[in-house]
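Given chain R, work out where chain L should sit, using these hints.
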Amino acid sequence: MARQPEGPPPPPTVQKLRLRYAKRGPLRFASHRDLARALERALRRARVPMAFSAGFTPHPKISYVGAAPTGAASEAEYLEIGLAERRDPEEVRAALDASLPPGIDVLECVEAAEGSGSLADRIDAAAWRVELPGVSPADLARAVEAFLAADVVTVEKRTKNGLRDVDARAAVAGASAAEEAGCAILHMVVRQVTPAVRPDDVLAALVAVADLRPPSPPRAVREAQGRLDDTGTVADPLGPDRVAGARCQGEPAAV
Amino acid sequence: MNGESLYPRLEPLLAQVQKPIQYVGGELNAQVKAWDDVAVHWALMYPDAYEVGLPNQGLMILYEVLNERPDALAERTYAVWPDLAALMREHDVGQFTVDSHRAVAHFDLLGVSFATELGYTNLLEALDLAGVPLHAVDRDETHPVVVAGGHAAFNPEPVADFVDCAVLGDGEQVVGDITDVVAAWKQQGRPGGRLELLARLARVDGVYVPRFYAVSYGPDGAIAAVTRTRDDVPARVGKRTVMDLDEWPYPKTPLVPLAESVHERMSVEIFRGCTRGCRFCQAGMITRPVRERTITGIGSMVEQGLRATGYEEVGLLSLSSADHSEIGQVAKQLADRYEGTNTGLSLPSTRVDAFNVTLANELSRNGRRSGLTFAPEGGSERIRRVINKTVSKDDLVRTVTTAYANGWTQVKLYFMCGLPTETDEDVLEIAELAVEVIRAGREASGRKDIRCTVSIGGFVPKPHTPFQWAGQASAETIDSRLRLLRQAINSDRRTGRSIGLRYHDGKPGVIEGLLSRGDRRVGRVIERVWREGGRFDGWSEHFSYERWTAAAAGELAPLGVDLDWYTTRERDQDEILPWDHLDSGLDKEWLWDDWQDALSEEEVADCRWTPCYDCGVCPTNGTEIQIGPTGRSLLPLTVVGR
Numbered sequence: 001m002a003r004q005p006e007g008p009p010p011p012p013t014v015q016k017l018r019l020r021y022a023k024r025g026p027l028r029f030a031s032h033r034d035l036a037r038a039l040e041r042a043l044r045r046a047r048v049p050m051a052f053s054a055g056f057t058p059h060p061k062i063s064y065v066g067a068a069p070t071g072a073a074s075e076a077e078y079l080e081i082g083l084a085e086r087r088d089p090e091e092v093r094a095a096l097d098a099s100l101p102p103g104i105d106v107l108e109c110v111e112a113a114e115g116s117g118s119l120a121d122r123i124d125a126a127a128w129r130v131e132l133p134g135v136s137p138a139d140l141a142r143a144v145e146a147f148l149a150a151d152v153v154t155v156e157k158r159t160k161n162g163l164r165d166v167d168a169r170a171a172v173a174g175a176s177a178a179e180e181a182g183c184a185i186l187h188m189v190v191r192q193v194t195p196a197v198r199p200d201d202v203l204a205a206l207v208a209v210a211d212l213r214p215p216s217p218p219r220a221v222r223e224a225q226g227r228l229d230d231t232g233t234v235a236d237p238l239g240p241d242r243v244a245g246a247r248c249q250g251e252p253a254a255v
Numbered sequence: 001m002n003g004e005s006l007y008p009r010l011e012p013l014l015a016q017v018q019k020p021i022q023y024v025g026g027e028l029n030a031q032v033k034a035w036d037d038v039a040v041h042w043a044l045m046y047p048d049a050y051e052v053g054l055p056n057q058g059l060m061i062l063y064e065v066l067n068e069r070p071d072a073l074a075e076r077t078y079a080v081w082p083d084l085a086a087l088m089r090e091h092d093v094g095q096f097t098v099d100s101h102r103a104v105a106h107f108d109l110l111g112v113s114f115a116t117e118l119g120y121t122n123l124l125e126a127l128d129l130a131g132v133p134l135h136a137v138d139r140d141e142t143h144p145v146v147v148a149g150g151h152a153a154f155n156p157e158p159v160a161d162f163v164d165c166a167v168l169g170d171g172e173q174v175v176g177d178i179t180d181v182v183a184a185w186k187q188q189g190r191p192g193g194r195l196e197l198l199a200r201l202a203r204v205d206g207v208y209v210p211r212f213y214a215v216s217y218g219p220d221g222a223i224a225a226v227t228r229t230r231d232d233v234p235a236r237v238g239k240r241t242v243m244d245l246d247e248w249p250y251p252k253t254p255l256v257p258l259a260e261s262v263h264e265r266m267s268v269e270i271f272r273g274c275t276r277g278c279r280f281c282q283a284g285m286i287t288r289p290v291r292e293r294t295i296t297g298i299g300s301m302v303e304q305g306l307r308a309t310g311y312e313e314v315g316l317l318s319l320s321s322a323d324h325s326e327i328g329q330v331a332k333q334l335a336d337r338y339e340g341t342n343t344g345l346s347l348p349s350t351r352v353d354a355f356n357v358t359l360a361n362e363l364s365r366n367g368r369r370s371g372l373t374f375a376p377e378g379g380s381e382r383i384r385r386v387i388n389k390t391v392s393k394d395d396l397v398r399t400v401t402t403a404y405a406n407g408w409t410q411v412k413l414y415f416m417c418g419l420p421t422e423t424d425e426d427v428l429e430i431a432e433l434a435v436e437v438i439r440a441g442r443e444a445s446g447r448k449d450i451r452c453t454v455s456i457g458g459f460v461p462k463p464h465t466p467f468q469w470a471g472q473a474s475a476e477t478i479d480s481r482l483r484l485l486r487q488a489i490n491s492d493r494r495t496g497r498s499i500g501l502r503y504h505d506g507k508p509g510v511i512e513g514l515l516s517r518g519d520r521r522v523g524r525v526i527e528r529v530w531r532e533g534g535r536f537d538g539w540s541e542h543f544s545y546e547r548w549t550a551a552a553a554g555e556l557a558p559l560g561v562d563l564d565w566y567t568t569r570e571r572d573q574d575e576i577l578p579w580d581h582l583d584s585g586l587d588k589e590w591l592w593d594d595w596q597d598a599l600s601e602e603e604v605a606d607c608r609w610t611p612c613y614d615c616g617v618c619p620t621n622g623t624e625i626q627i628g629p630t631g632r633s634l635l636p637l638t639v640v641g642r
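As they're listed, the protein sequences go chains R and L.
Per full-length UniProt numbering, the very first residue in the first sequence carries number 1; after that it's consecutive.
Per full-length UniProt numbering, the very first residue in the second sequence carries number 1; after that it's consecutive.
Do not rely on the hints blindly, as some may be mistaken.
[Stated by the list, open to error] Partial chain L-side listing against chain R, Cβ under 7 Å, derived:
#1 Pro8
#2 Pro12
#3 Leu14
#4 Ala15
#5 Val17
#6 Pro20
#7 Ile21
#8 Val32
#9 Ala34
#10 Leu258
#11 Ala259
No lab work stands behind these hints: they were computed from the structure.
In this text, all values refer to a predicted model and were calculated from it rather than measured experimentally.
Even for Gly, the Cβ is constructed at its ideal location relative to N, Cα and C.
Pulled out of the complex, with its shape left as it was, chain R reads as follows (with noise of 0.2 Å):
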């Protein structure tokens, strides 16, 4: 038989809470682990009763939901934590923001409905938006134009197993070119396919229909994250918690 810690088990998760944040400015350039650090530390400092894993090396309970590559700024991150006390959502929010750097933002904070499904399942495109600085906007339409016109789009890209080839063009739900304040900017909805197709493939892939060359590093937002509906716009995946939540409404909330 395994062994086993001495002692009691930690206590069991009574509350899942699920949060959007965002990462702007410079934090633009943290990795997933970095974030996932910062984000167990903040919990610690805003004293939020995380529940645990068992085990010799005890884990905080939190899951992470498809993080935004590095270099990419976003305001639609989410993940999902396990409490082993009850807390009011706003109240984690507040605390956990103020204990977080600026440029980590937590925007929202939702309990958990009882079998509603987990928030991996109702996520599974990404709405993007990406300045493109230097490149004029007549020559960002064009390209979209080549590009939405390809039945598919291959492109080279670097995998933990080395290059391989991915089309880029079979991810994109849509796309479009707009301008503001004279930069081009690129919108699209970018679905979460294996391997993963990012905003970064999608420019590689406008190298390759119509030679579209950025003169300096493009900047990359992720808008929002959820389940792609039949009018190729993604849906909030904390709207059906939102939803039970305000049926419970009137019962005293736990703080």
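Quick look at chain L alone, frame taken from chain R:
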């Protein structure tokens, strides 16, 4: 404009480099002050990668001490990796601070903390990236004053051409004195220019300005004389000593990086200095006397630090933490306080003879039972007498066995190779010791899966130690002994699989030896290595032994000396050593006597528990040992961590 942020120009470059998070700042507890609100601007550099430099206690302490002053600000800068350095040169972006991304060139002072000599090329790279002339004599009053500190600054001669000042000893108070001098000089309209500022700094206790001292050499290559070139600077420069650690509870709010760093914990320094008298240990020699932080001082630093950081582990830091006069109570009372909070305590540095299971159990009570590390340093009892780190083989085996019997499965043992008088047999005894530890450990614990890791590196003789006269073992000697050791460990199949061997080859140690005991002539070697691409010499993937040996041969031969002259050569008693005019307080005659005692395998006891043996430090500096026990207790905290 001075103090302007370089970030808009840096940001596009960051998208193209490895681990960009290390360059963006924004750490928890980082401080940003307005440029124009203060008189004196300090850039503080740790001349290695961010992940190594960020956790450095010395830099964190000075960062807070300086930023607490209303008339000063301090920002941090670290060595940038070659990928970013190339882009910075291409796009004309200078060396920057991570706090506000200000140009290092605009600061009044650039303080550089040298924990190891292998950071010297990174200083040159940073100066060049900053646009600051490499040579101190080429700088004018628009350039920062480059101040070296840290243990390596006790012999700053190899970098004497590149730094304006070196500071000896504890930094907490002297940085304030330097700030006062710079503030006054600026406020008076910079009278006398840079030279006058340096002359004023040279009169600050603990500050050495190399350009005011001339070095001449004799026909044999050794130093003939070191003479002052001005009457108003001291003939010998002494070190600074902070006497009451409780008055300096820094860092109060340790920096917490987003990026991964080498120490994922916060540290509280529980005492400074060490009088165990290990003859190889420069830190133990130059930081005397022992000054303890009280148990209540430690308790409040732990409490405040944990609240400010959210770390899960607290390292109780010192040169030999189990030697604190109240370590048992410190560990027990902290463990009581943090019961049930998943907060671990660790002693980064434990002597075999100070270890006990009660202490170790207290340390791991609330946290994870990580491995234990002991540092016998020498493989045989004989060599341990030479280095004055006396512990018998039986005691060593008993201690490690007790650890296995109490549930630890991993024990790490640190050794050195190439110690003075060492033979192959001394090193081979390490294998016997490891085998015995595993045998006894299996028996005591009833388990087969216990492990012992032997970690071994080449010994480098350091200034201000009894071994400062010793001939360093050559890289070939080190490598051959390590080869024999590996064969010996692998030869016993029954235990070989349970013993890991981690070692470094002897080559980097030779270069460290050149830089440690070098004089001003070595500066040319450093500069040439840097010009030929030498950076990050502490990293094996960047270090090039061939580049160093070629540069040493090319630069030193015309001067009649060579690499061996600086490293493997044993010095005579009457040789003027490059650092003789820098005073750590240790009496040179005492050091020589201790060196002779080492050669005849005679030990010296710790002056904390036995009478003074006149090393010279306390009378020279007007200091004394400060130890407890205080008998005080920590009050329980109401809510911690949950």
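Going through the hints against the structure:
About 11 Å separates the beta-carbon of Pro8/L from the nearest beta-carbon of chain R, more than 7 Å, and the hint is not met. The restraint placing Pro12/L at the interface with chain R holds, with a minimum CB-CB distance near 5 Å, inside the 7 Å limit. Given hint, Leu14/L at the interface with chain R, holds; its Cβ is 6 Å from that chain's nearest Cβ, closer than 7 Å. The beta carbon of Ala15/L is positioned within 7 Å of a beta carbon in chain R (closest approach about 4 Å), and the interface hint is therefore held.
Residue-level restraint check for Val17/L is violated (minimum Cβ-Cβ distance to chain R is 9 Å; threshold 7 Å). Below 7 Å, beta-carbon pairs count as interface contacts, and Pro20/L has one with chain R at about 4 Å; its hint therefore holds. Because the beta carbon of Ile21/L sits about 5 Å from the nearest beta carbon in chain R, less than 7 Å, this interface hint is met. A least Cβ separation of about 11 Å between Val32/L and chain R goes past the 7 Å threshold, and the interface hint is therefore violated.
Annotation: interface hint on Ala34/L violated; nearest CB of chain R at approximately 17 Å, more than 7 Å. Because the smallest distance between the Cβ of Leu258/L and any Cβ of chain R comes to about 4 Å, under 7 Å, the interface hint for this residue holds. Taking 7 Å as the C-beta contact cut-off toward chain R, the hint placing Ala259/L at the interface holds, the least distance being around 6 Å.
Hints 1, 5, 8 and 9, counting from the list given before, are not met by this structure.
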